[in-house]
Amino acid sequence: MSDAPSAAEPQPPALTYSQLFLRFLRFGLMAWGGPVAQIAMLRKELVEEERWISSDRFNRLLAVMQVLPGPEAHELCVHLGMRAKGRLGGMLAGLGFMLPGFLLMLALSWLYFAIDLAGSGSAPPSSACR
1 MSDAPSAAEP QPPALTYSQL FLRFLRFGLM AWGGPVAQIA MLRKELVEEE RWISSDRFNR
61 LLAVMQVLPG PEAHELCVHL GMRAKGRLGG MLAGLGFMLP GFLLMLALSW LYFAIDLAGS
121 GSAPPSSACR
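If you read the sequence shown in our numbering, its first letter stands for residue 1, the second for the next number, and so on.
A hint or two may mislead.
[As the list claims (entries may be wrong)] For each label pair, taking beta carbons as the anchor points, the in silico distance ranges come out as: (1) ASP116 / ARG87: 42 to 50 Å; (2) ALA40 / ALA107: 23 to 31 Å; (3) GLU48 / LEU111: 47 to 55 Å; (4) PRO13 / PHE113: 21 to 29 Å.
Read the hints as simulated data drawn from the structure, not as lab findings.
Glycine included, each C-beta is placed from N, C-alpha and C at the ideal position.
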């Protein structure tokens with residue numbers, strides 16, 4: 001069994017690097033509901049509608065990703081980005097997918113400390129603690 005794609009194996013469309021990044025950024029923006037929902041969204045759009053990869057190959061790829069450490073949906077995005085545009089494509093797809101969540105967590109972390117939800121205040125330590 002060869003690892004090279006056969007003539008019948010679907011291929012990703014020809015995209016520029018910026019189109020690829022924006023495509024996976026869109027997935028990242030819509031990726032609410034956890035990994036099951038994220039993987040279902042990837043399957044529906046990239047396997048069933050756009051035919052980037054065959055359903056059988058996607059299933060085998062998902063099985064491999066599930067035994068590797070880390071988030072399966074992100075790993076699938078990186079792999080599909082690599083199929084489309086090589087290593088740089090994989091990096092851009094992974095970055096696009098994770099960037100919205102990263103920025104949201106960064107903003108929430110900043111907000112947490114900015115409005116002092118912990119109630120720690122900014123008063124200097126009292127002399128009784130010395």
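Evaluated hints:
A C-beta distance of roughly 44 Å is found between ASP116 and ARG87, which places it inside the suggested range of 42 to 50 Å. Remark: the range hint 23 to 31 Å for ALA40 to ALA107 is upheld by a beta-carbon distance near 27 Å. At about 38 Å, the CB distance of GLU48 to LEU111 disagrees with the hint of 47 to 55 Å. Checking the proposed 21 to 29 Å range against PRO13 and PHE113 shows it is violated: the Cβ atoms sit about 44 Å from each other.
The structure fails to meet hints 3, 4 from the earlier list, while all remaining hints are met.
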